[in-house]
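Enquirer: Each chain, letter by letter, is given below.
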Amino acid sequence: MSSIKQIPVITERKGNPLARVFDEFVRFCRSRSLFILHYCTGCGAIELPPAMTSRFDMERLGIQPMVSPRQADILLITGYVSIKTLKRVILTYEQMGSPKYVIGICSCTVNGGMYWQSYATAKKLDEYMPVDLYIAGCMPRPEAVLAGLQKLMDRIHSGEANSWEDYFRNYDYYLGNQQKLFGENWQTPTDIITEAKHYDLIDEGTFGKHTQLLEQHQKPLEALDMRLGHDLKEPTE
Amino acid sequence: MTLTLLDELLLFSGVTVLVAMLLGRRLPAGWMVTILYGIQLLALMKMAPLGYGGEPISSALTFEVMGQTLSWRFDALSWYFALITLGSALLSSWYACGEWEQRFRQSGGNLWLFHLAMTLNVFSMLILLASGDLLSLFIGWELVSWAGFLLMAMAGGVATKAAMRYITYAMAGAMAIFGGIALVYVSAGSLQYEAILTAASQMSTAHLWMLVILFGAGFGIKMGLMPFHLWQAPAYAETPGPGSAFLGAISSRMGLFAILLVLVKLFGIVNIDSLKIPFTLIDARDLLAWIAVFTIIFPTFTAMKQNDARQLLAWHGIGQGGYMLLGLVVADAMGAAGGLLHVFNHATYQAALFMAVTAVIHRTGTADLNKLGGLVVRMPLTFMVLLVGIIGLAGLPPMNGFVSKWLVYRSLLNEGMPLLFVAAVIGTLGTILSVYKLIHNIFLGQLRIEHDNVKEAPWSMMIPMLILAAIIFITGLLPGIPLAWVASVQQAVGLPVSDYTLGGVESASGSLDMIWVIGVLFAGFGIGALIFYFAGGRSKRVHQLDNYAGGHFLTADVRYQYSDNFYAGLMHLIGGWYRGSFLWLEQSVKSLVEFLSLGMQGLYRRANAEFYLLSTALFVIAWVVI
Amino acid sequence: MAPMELIIELLLMPLVAFVVGMMMVLMMRRIAAKLQRRIGPPFFQPLYDIVKLHSKQTQISHGLIHDIGIVMAMGGYIAAETLLPVPGMTGIAEKGGIITLLYLMMIPSLGLALGVGQCANPNGSIGIARALTAMLAYDIPLVIVIFGVAYAAGTTNLVDIIAVQQAGGFETWGAVQMPVLAIAGLIAMHASLGKQPFEIYIAPAEIATGPMVEMSGKYLGGLFVMQCFQLYTTSVLYVSLFLGGGTTWFDFLLKSFLVLAIPVSIAYLFPRYRTEDLLRLMWKWPVMLGLIGVAFVL
Ligand code: SF4
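Chains as they are written, first to last, in this note's numbering: chain A, 1 to 237; chain B, 238 to 863; chain C, 864 to 1161.
These are computed hints drawn from the structure, not numbers from a lab. Any given hint could be a false lead.
What the hints assert, rightly or not - Okay, derived cross-link-like pairs now, BS3-like style, lysine-lysine, Cα gap no bigger than 27 Å in a straight line: (1) B:K777 / A:K197; (2) B:K827 / B:K398; (3) B:K542 / C:K1147; (4) B:K692 / B:K777; (5) A:K219 / B:K777; (6) A:K123 / A:K209; (7) C:K897 / C:K1147; (8) B:K608 / A:K219; (9) B:K542 / A:K209.
Assemble the whole structure, with the sequences as input and the hints as a guide.
Expert: As structure tokens, this is what we get:
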């Protein structure tokens, strides 16, 4: 959800010019080094190998494939997302480290495409997670994929591609859509709310009735803290 | 008769035994015994000049038995070993006081017997270390064997079986030693060390061979040298926690002490060098070196396959004995120093490791490596001790095990022994694999739900462990401290002395300065930490279930831990090489003895008993006369 | 040596190692690209990657040991570099020697092993189990080779080993004097890089990059830094043992890059071995060559 309040107001940043140069450098590095996680959900995945190999060679743009969500920056959703798959996609997205970007490849991710009437397919990807870029087509050619990636690189460089913050700031909205689809007991092993608190990304939309519902049944997921436990009660035997 | 310092020490040790025996049923017995160990250690400290090249101290007590003088004395060698013995006794006894003791009693253990066995062990070891001639050595040896048996057997059940196995081996070893002593007596006419020293230089080759084999086998059994190693791991592993820490630290080193005394000091390693095995290129010393190397490799790789933490450690204890012997057999200044230093180092980390594992058992009730995991968040200090211990055991910087192993490697390199060198490194690599499995399966990985409320070990157990960890690190940083004692031991047994400094060893062909190495290592860690903590963003601690599982949702009831068959790929290749040949050998010897005894029994029953007696007697007389 | 000078050397040596290491990563990726008829990454790509990973805003940690593992992985190599002489700088190479260096080089991997262990991810643990197995495989030929070189030079001091080789020009290079050992060393070095066909512990398609599976942001960044150090250390060690070290920075770097190019060019032509095949291969050929080489030396 790109709410009206979220439209970035570009203000000329003042302050230490060195810090500005540094920020610019960091953004540049971010845009030039993108690790993709291609979640091969549908037909579109087949277009990625050519994009990576000798014909189109993604690596010259600094883009390379990675294996686990922890390492990746871009989540590529390559085609229709069935409901069962969507659960995994959401978990995968939540496990990625920010700044993270989602690209929906294929028309199916935009509006369900030819699976519009399917009972088992999620129609719009951006109801469940913030999507930075759609590359439409059934299926898009590698050129289109690369063009899309370049577009994303530009947006990262200019600092516009921060939709990942939206997931934290409007978590209630996304969670609500997820709950609608998966039922009220929906919970991933990741804990978005404490993460938002930890990184100070709380906004009005973070909490709401859906997060309340989650908190009612949520199994505790605090990190296991290192402790000596000498103040614990002796376990009764 | 005035009491010398040695008499004082032995007296205190005897008093400790008495206290344990008479007052051992009272509650603070553990503390009393611990304090008495402390007093013994102080008495030993009074003899500290021995460790820096002082004159030997003899006991005022001497006996005449059948024309043989029995005497006791302490020199640098005895002092060094006694220091390790008393140190490990003090710390393991300290460890046993308090909560461990209570738990032990609650679970039906006999605390009185435990303390008594420990004190007896220490007392008998001191007597052995103080022996002034071969006869007193033999007496001490027997005492140590039986005291060890008492400690190993006390847990009952499997432990008794293991202890029976031990005592069978020990008796066989004692027979060999006794035979050796008899042979020495025949040729030297006396059992005094001085007389033997002169006699040794004139012994014939066959004679010397016989002695090397008899003494080597006898003492080697205690050390767990191949192929006599089978008894050790089960026996040590089954002993109650602090007891196994003590036994693992020092007990089998008594064998090394005796080997040093008899084979190195009395017969002289050079004499042994001249013993060629006919038709081969190797001599007795090479043979010993290869035995040492096999003792390193096979038990280490057996350890890797163990699924019980204590068994794993006990098997490593055997393997590490190989390094000590290897260093001594190379017998140049560095090698001998390495071998001797390793005795000290091994005692420190092995005790720490056994204690850490016992602490885990104390809290979780199991040492099964497939039933633990993730305990680092619940027992962080124990984790740290175990980590320090395994770094020492694996012989990596910055802990003390590295220094002694480095010395052994250097000596092998200097002497140009590539195969031994490679074999020693294989042992080290195997150790690294195996100890990683140990620490991973206990402390890393997923924490089981049933261990969520586990607490850190109680302070009464923690403090001795932390002291040991500190010793391991400090003697790794400043190896010069123990190397000074080692140097005087080398002098005492007539080996060349290395040129040691506070931080390591000085040598023209490459020296070692641990102060620099560790300093730079920690500086490196510091820079690494700076980069890590300040050049990156903040990180968030997450629950262990927030984990990559290919998109799968992990829940608390799912075991998401890799522990069984840990080195699957390796075992694919070498798994078939574990044939249990030595077990088979042991079994066949056992069956042979059984068969023979059955046969003899049958003969004896059926035939005319008097006839056999008579013929045996005649045969013996004939043998003696001729 | 003046203490100030020494401190500067101690700081400079890891820094140089890092910069050169980044170029080596670049070279490796460019070679891979060329072999696959691609263009490959731009010149500063390794830097971009490291900066990007360190500038990640959120990342997860599985606990203190996870953090310490990364610190040890970087710090261990930073320390190891000071034991590795380069032209004009010897650091503390005289105080440790080659055996110490060999053991210090294990510290980063073992520190990492601890960190990965705490991630509680079986893929990571399997990766570490395989990595340690691989270490058991390639370290045996490696120590044989090092034994041979050190015995031939009569010292374990790397500075002296280099000096011995530089004494008589090209003829006294280790590779010329002991060609068999040099070949064995090259194979062992290739395996120690963990590149194909010996890449059993990364195995992306099988165990999801093994040790790196739970590494995000600066954690992965630390591992990228470690990779730079690893490439540098391995190739410079080989150059010091067999190619006479370097008299000037130019020939030193030239040799290091060329040496590294050999295993890297081979690597990208192969798929992966299984663990036991790696063991079998390592314990057969390089060990045999190494022992023959040592027999010549003795
Ligand atoms: S858009 Fe076309 S190619 Fe892509 S997933 Fe849908 S049906 Fe398949």
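Enquirer: State for each hint whether it applies.
Expert: Tested hints:
1. Distance check on the hinted pair: K777 of chain B and K197 of chain A sit about 10 Å apart at the alpha-carbon level, within 27 Å; holds.
2. For the suggested pair K827 of chain B and K398 of chain B, the alpha carbons sit about 15 Å apart, so the restraint of at most 27 Å is met.
3. Distance restraint check for K542 of chain B and K1147 of chain C: the Cα-Cα separation of roughly 24 Å lies within the 27 Å cut-off, and the hinted pair is therefore satisfied.
4. The straight-line distance between the Cα atoms of K692 of chain B and K777 of chain B is roughly 24 Å, inside the 27 Å bound, and the hint therefore holds.
5. Of the supplied pair hints, the one linking K219 of chain A and K777 of chain B holds, its CA atoms being roughly 19 Å apart against a limit of 27 Å.
6. The straight-line distance between the Cα atoms of K123 of chain A and K209 of chain A is roughly 24 Å, inside the 27 Å bound, and the hint therefore holds.
7. For the hint linking K897 of chain C to K1147 of chain C, the alpha-carbon distance of about 32 Å lies beyond 27 Å, and the restraint is violated.
8. As the CA atoms of K608 of chain B and K219 of chain A are separated by approximately 24 Å, the hinted pair is consistent with the 27 Å bound.
9. Proximity of K542 of chain B to K209 of chain A is assessed by CA-CA distance (about 54 Å); at most 27 Å being required, the pair is judged violated.
Violated hints for the displayed structure, listed by number in ascending order: 7 and 9.
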